[in-house]
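S.K.: Protein chains in written order, with UniProt numbering: chain A, 1 to 337; chain B, 1 to 533; chain C, 1 to 306.
To be clear, the hints were calculated from the coordinates, so they are not data collected in a lab. Misleading hints may appear alongside valid ones.
[Claimed, not checked] A short, non-exhaustive set of chain C residues, derived as facing chain B with CB atoms under 10 Å: (1) ARG68; (2) VAL71; (3) ARG93; (4) ALA160; (5) ASP262; (6) GLU265.
[What the hints assert, rightly or not] Label pairs and their calculated CB-CB ranges: (7) A:LEU151 - C:PRO56: 30 to 36 Å; (8) A:VAL62 - B:SER369: 55 to 61 Å; (9) B:LYS299 - C:ASP136: 52 to 58 Å; (10) B:VAL379 - C:LEU279: 24 to 30 Å; (11) C:VAL40 - A:GLY250: 30 to 36 Å; (12) A:GLY70 - B:ASN421: 33 to 39 Å; (13) A:ILE2 - C:GLY205: 23 to 29 Å.
C-beta atoms are modelled at their ideal positions from N, C-alpha and C, and glycine is treated no differently.
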Amino acid sequence: MIGFFLRRIVLTIPTFIALTFLTFVAIRLVPGDPVEARVGEHGITPERLALLRHQLGLDQPVWKQFLDYGWGLLHGNFGTSLSTSGSVLTEFMTLFPATVELSLVAMALAILIGIPTGVIAAVKRGSWTDQILMSLSVTGYSMPIFWWGLLLVMLFAERLGWAPVGGRIDLIRFDYDTPTGFMLIDSLLSDEPGAFLDAVRHLVLPAIVLGTIPLAVVARMTRSSMLEVLNEDYVRTARAKGLSPFRVIGIHALRNALIPVTTVIGLMTGSLLAGAVLTETIFSWPGVGHYLIDGISRRDYPALQGGIMLISVVVIFVNLLVDVTYGAINPRIRHGG
Amino acid sequence: MNALTLFRAAVGLGLAALLLGSTAASAKTLVYCSEGSPENFTPAINTTGTSLDAARPVFDQLVEFERGSTNLKPGLAESWTIGPDGKTITFKLRQGVKFGATKEFKPTRDFNADDVLFSFQRQFDEKNPYFKVSGGKYDYYNDMDMPTILKDIKKTDDHTIVMTLSQPNVAILANLAMDFATIQSAEYADYLMKKGKPEQFDQVPVGTGPFVFSAYQKDAVIRFKANPDYWGGKPAIDDLVYAITPDPTARISKLKTGECQVSPLPRPADIPELQKDANINVLTQPGLNIGYLAFNATKPPFDKKEVRQALSMAIDRKAILTQVYGQAGQMAKNLIPPTMWAYDDSVVDYTFDPEKAKAMLKSAGVSGSIDIDLWYMPVQRPYNPDAKRMAEMMQSDLAKVGVNAKLVTYEWGEYRKRIQNGEATTALFGWTGDNGDPDNFFFFLGCDGTKPAASNIAKWCDKDFNDKLAQARQVTELDQRKKLYSDMQVIQHDQEPVLNIAHSLQYEPVRKEVIDFKMSPLGRNQFDGVSLK
Amino acid sequence: MAAEMSSIVSIDEVPATLRAPPGPFAAFWYSFRQNKGAVVGLVIVLIVVGLAVFAPLVAPHSPIEQFRDAVKAPPVWAGGNWRFALGTDGVGRDMLSRLIYGARVSLFIGVAVMTVSFVVGVLLGLLAAYFGSLVDIVITRVMDLIMSVPDLVLAILAVAILGPSLINTIVAVTIVYLPRYVRLVRASAASEMQKDYVVAAKVAGVGPIRLMLSSVLPNCLAPLVIQAALGVSDAILEAAALGFLGLGAQPPTPEWGSMLADSREFIRSDPWIVTLPGLAILITVVAINLMGDGLRDALDPKMRTS
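With the hints as extra help, turn the sequences into a complete structure.
M.R.: If you want it as C-alpha cells, here you go:
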C-alpha cells in the first residue's frame with residue numbers, strides 16, 4: 001500500500017516539472033507586457049519602459065528567467081507579484097482558504113442532497129418521482145452557472161433579502177482576526193455571538209450556485225450505480241431472504257454503489273475550482289479564481305504562474321488521493337493501474 | 001419517505017432561520033464598496049484610482065485639494081511662499097502632527113522635514129535605500145514631469161522645506177496636492193529597513209492622515225480606525241471599512257441591501273433605478289474627462305480634414321450618449337469639459353447629418369465604400385463606460401455612409417501601446433484630468449505626442465496649435481492663457497483630429513444615512529468630514 | 001448534428017453482425033424511443049438546428065441591425081409589440097433574431113469542438129494504445145497535465161494567448177476537452193487489444209492501421225459517441241462562460257454568452273435582455289443532454305436489457 005502510494009507520488013514529479021515549464025512558456029506567449037499593462041492614458045516613454053522592464057528582470061533571456069524561477073521554486077519561493085510586489089505564496093494562501101471553504105461546502109451540499117436523491121430515483125425507477133428528480137438533475141447539469149448565480153442573487157438577495165449579496169461576513173457587525181482563513185472556523189474562534197450564523201448565511205447562495213452541477217452529477221451517478229447494484233445477485237438474494245428494504249438498499253446496495261460515486265466526487269475537485277472562478281466573480285468571493293483572472297489581465301507573470309502551479313498541485317494531489325482510496329477499496333486495480 | 005419529509009422540513013426551517021438573520025448596522029461604521037484590491041498602500045508607486053483611494057485615509061500631502069474640488073489648501077505645509085524669481089518655494093511645516101501606530105510600529109517622534117525629504121527622495125534618488133523597493137516604479141512622479149521641474153529639495157530646519165524649480169511653473173502646487181506627493185514616515189522606513197523587511201513599508205501604511213490603517217485582507221476588506229490625534233480633528237466616523245467588491249452589479253446590490261453605504265462607479269443602466277430608491281441619494285457632478293474618437297491623420301484618407309469632418313457628421317452621437325452613457329454623459333464639442341475656466345462656448349458643434357457627410361466624402365474624392373478599422377478599448381474607462389457598445393453603434397452609423405469599419409481590440413496595455421504607436425486608423429480613447437489645469441488636457445494633441453509611443457494618437461501635428469500650447473505654459477496672466485486656449489479649441493474643431501464624444505458625468509450613489517459625502521472632480525473618494533446619521 | 005446521427009448509424013452497423021435481428025438501427029431506435037426525455041430532447045435539438053440552419057428565413061430582422069427608435073423595447077408579454085416579439089437589446093437589436101442567429105454560433109462551436117476533439121482524440125488514443133510504452137506515457141502525461149489545470153482557467157489562458165475570437169474559442173475549448181476523448185479511446189482500445197480476436201488478427205498479419213481502424217475502433221465507439229454527444233453541450237456551456245467573461249466571439253456576433261455579458265447591467269431595469277440568452281443556453285444544453293442520455297441508454301447493452 002505504501003509502496004503504491006510512493007510510486008504514484010514519484011510519478012507526479014515529471015508532471016510537475018512539465019507543468020512548471022509549460023505554464024512558464026504559455027504565460028509568456030500571452031501578448032502584452034506587465035509594464036505596459038499598468039500604464040494608463042499617460043503612456044510611457046521607450047526609455048522608461050526599458051528601465052522598468054530591466055528592474056523587473058523582464059529583459060533577461062527567457063531561459064534564464066526560467067532557471068531563476070525554477071531555482072526559486074526549489075527553495076519554496078514562488079516569486080513576487082508584479083502588480084502588488086507581495087509574495088505570491090502569501091497572497092495565494094490568504095485567498096485559497098476562501099476557495100476551499102466554498103468548494104467544500106458546495107461539495108457537501110452536492111453529496112448530502114445528491115446521494116439521497118439518486119437513491120430515491122433508483123429505488124422508484126420509472127415513477128413520477130424518478131422522472132421529476134432526473135429532469136431536475138439534467139437541468140442542473142446543464143446550467144450555465146454564471147446566469148444561474150445572477151438570477152439567484154437578484155431574487156433571494158436583492159428582492160427577498162433572505163441572503164447577503166456577496167462577501168464572506170457582515171463587515172459592519174463583525175471585526176475579528178482570521179487566523180485560519182476559513183470563515184466558518186474563524187467565526188467560531190472569534191467568540192462573537194452570531195458570527196458563525198452570519199458566515200453560514202454568506203455561504204449559502206454561492207455554495208448552491210457552485211454546488212448545482214456537482215449535485216446533479218452525484219445524483220445521476222448514484223442513481224445509475226444504484227440501479228446496477230440493485231440488479232446484482234446478492235441484492236436480489238437479500239431481498240428474496242426477506243430482509244427489510246431499508247437494510248437492503250441502505251446497507252448492502254448503497255455501500256457498493258457508492259464506490260464509483262466516490263471517484264467521481266474526487267475527480268470533480270478540478271472542475272469545482274474552475275467553477276469557482278465564475279462563482280467568485282458573481283459573489284465578490286475573495287478566492288483564487290479571481291486572483292488568476294486578474295493575473296491574466298494584469299500580465300502578472302509570477303502571480304499567474306504561481307497560482308496555476310499551486311492549484312494544479314492541489315488537483316493532482318486530490319486525484320492521487322482518490323486513486324489511492326480507490327485502490328484501497330478495490331485491490332484489483334492496485335497493481336494494474 | 002416520512003423520515004425524509006421530516007428531514008427536509010427540518011433543513012428548510014434551518015435554512016430559513018439562517019437566511020433571515022438580522023442585518024442591524026452599528027451607527028459609527030461606514031462601509032465603502034471599493035471596486036478592487038489596491039496594489040499596495042504607497043501612492044507614489046501606484047497609478048490606479050483604486051489603489052490611491054485605498055491609501056488616502058491614512059495620508060496627507062504638503063498641499064491638499066479641498067474636499068470635493070480642485071482648489072488648493074494647506075495640508076502638512078501650514079503656508080508657503082514663492083520666491084521673487086518664481087523658482088523657489090519655501091514651505092512652513094505644521095508642528096505637533098502625529099503619525100498613526102500599527103501593531104508593530106509605535107512612532108517616537110512627530111512629523112518633520114525629514115519625512116518630506118524621504119518621501120520625495122525615494123522617488124528620484126537612486127541612493128535612497130527605498131528607491132528600488134517594491135519594483136521602484138514612480139509612474140506619476142515621471143508622468144507629471146517632476147524630474148525636470150524639480151531641481152532640488154532641501155530642509156533649512158526641522159520645519160522648513162525649500163524646493164528649487166528649473167523654471168517657473170504654474171502647475172507645481174497642484175502637482176504637490178496629488179497622491180504621489182504623499183508624505184510618509186521616515187522613521188518607519190528606517191525601522192523596517194533595520195528589521196530587514198522594507199517591502200512591508202508599502203503593505204502596512206503609516207501616515208499622518210485622518211484614519212489609521214488597521215487590517216487588510218486581499219480581495220475581501222480593508223479596515224481603518226479614526227485617528228484620534230488627527231491635526232484636522234478626529235473624523236466623525238469610528239470605523240471605515242472598504243468592502244472590496246469588483247463586480248459592478250454586486251456593488252449596486254450591496255448598496256441597495258445596506259451591505260455598504262457608498263458605492264463607486266455604478267453602471268449607467270443602474271442609475272435611473274437607483275434614483276427611484278428611497279434610501280439612496282445619487283450624487284452627480286461633471287467629470288474632468290473627455291472620451292473621443294481619434295482619426296489617424298497620417299493614414300489616408302484621414303490626412304484630409306474634410307474626411308475627418310464628414311465622419312464626425314456621420315456618427316449619431318446623440319444616440320450614443322443615450323445608449324452608452326444613459327444620463328451619465330454630456331455631449332462634448334470641445335476637448336475640455338465646460339466646468340473649466342478655459343472652455344470656449346462659442347464653438348459650434350458638428351450636427352448629425354449623414355447626407356451631408358456622404359456629399360463631403362464624395363467631394364473629398366472618397367467615392368464608393370471605404371474600409372477602415374475602428375479600435376475600441378476592452379475595458380471600462382472613466383470617460384467611456386462601454387467602448388464596445390459605442391464601437392458597435394459607430395460601426396452601424398458609418399455603414400450608412402459607405403464606410404465599412406472593422407472592429408479591433410486588444411488587451412488594454414497592448415491596445416494603448418498600439419494606438420500610441422499609430423497603428424489604428426480610427427480609435428476610441430480618452431483622457432482624465434490629473435489636476436484641473438487646461439494644459440493637462442491640450443498637451444496630448446501637441447506635436448510632441450505624435451512620436452511613437454506618445455499620447456497624440458491622432459498623430460496630428462498642427463504648428464499653430466502647437467505654438468499656442470507652448471505659449472500658454474509660459475504666460476501667467478489668466479486672460480492671456482484663456483485667449484490662447486480658446487484659439488486652440490477653434491483650431492481643433494476646424495481640423496477635427498479627434499471627434500469629441502462626451503464628458504462623462506460621475507455618479508456616486510450614497511445611502512441616505514451618510515452625511516456630507518462629497519464627490520471629487522478628480523474622482524477621489526475621501527471620507528474625512530463624512531458622518532453617519 | 002447530421003454528421004453525428006450518421007456516425008451513430010455506422011457504429012451500430014458493425015457490431016450488428018454479432019447481434020440478432022431486428023436490424024441495428026431499428027433496435028437502437030426502439031430503445032431510444034423508450035426514453036421519453038430523450039425524444040423530447042431530440043425534438044428540441046432538431047428545432048434548434050432547424051432555426052440555426054434556416055436563420056435568415058426564420059428571423060424577423062437582421063441580428064446586427066440597430067433600431068435606434070426601439071432601444072430596449074420590452075417583449076410582447078411585458079407590454080411590447082409583435083414587431084420585436086422578444087424585445088430589443090441595449091442598442092436596439094431584435095432579441096429574437098439575435099437568439100436565432102446565436103443558435104448558429106453556439107451549435108457551430110459545440111459541433112466544431114466535438115468533431116475536432118473526436119478526431120484528434122481518437123488518433124492520439126489509438127496511438128497510445130497501439131504503441132504503448134513511450135508513446136503511451138508521453139500522451140497520457142500530457143493529457144494528465146492538461147487535466148490538472150482547472151478547465152476554465154486553461155481556456156482563459158488559451159484565449160489570452162490566441163486572442164479572443166470565435167475560432168480561438170473553439171481551439172481553447174477543444175484543448176480543454178481533448179483529454180476526455182483521448183483517455184476514453186486509450187482505455188477501451190487498450191482493453192480491446194487484449195482480446196482474442198485482436199491477437200488473432202495480429203498473428204494473421206493484419207496491418208496496424210487496418211487493425212486499429214476496422215477492428216479495435218468500432219468496438220470502443222459506443223462510449224465515445226455518448227461522450228461526443230455530451231461533449232457538444234459541455235462545449236456550448238464552456239464557450240458561453242468564456243463569452244460571459246468577455247473572451248468569446250467578438251461583436252457584433254450574436255453569441256449567447258457574450259449577449260448575456262454585454263447586458264448584465266440591465267438585469268434590474270430590463271431583465272429580459274439578460275434572462276433570454278441564459279434561457280436559450282439552458283434549453284439547448286438540456287435538450288442535448290437529454291438526447292445524450294437517450295443515446296447512452298440505447299447504446300449501452302447493459303442498460304438496454306434491464
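S.K.: With reference to the structure, classify each hint as holding or not holding.
M.R.: Checked hints:
1. ARG68: Status holds, d = 5 Å.
2. VAL71: At about 6 Å, which falls below the 10 Å cut-off, the nearest Cβ of chain B leaves the hint on VAL71 of chain C intact, so it holds.
3. ARG93: Holds, because the Cβ-Cβ distance from ARG93 of chain C to chain B comes to roughly 9 Å (cut-off 10 Å).
4. ALA160: holds (8 Å)
5. ASP262: holds (7 Å)
6. GLU265: holds (4 Å)
7. A:LEU151 - C:PRO56: 30 to 36 Å: holds (32 Å)
8. A:VAL62 - B:SER369: 55 to 61 Å: violated (45 Å)
9. B:LYS299 - C:ASP136: 52 to 58 Å: holds (55 Å)
10. B:VAL379 - C:LEU279: 24 to 30 Å: holds (29 Å)
11. C:VAL40 - A:GLY250: 30 to 36 Å: holds (33 Å)
12. A:GLY70 - B:ASN421: 33 to 39 Å: Holds, at about 35 Å.
13. A:ILE2 - C:GLY205: 23 to 29 Å: Taking Cβ atoms as reference, ILE2 of chain A and GLY205 of chain C lie about 46 Å apart, which means the hint is violated.
The structure is inconsistent with the numbered hints 8 and 13, although it conforms to all the rest.
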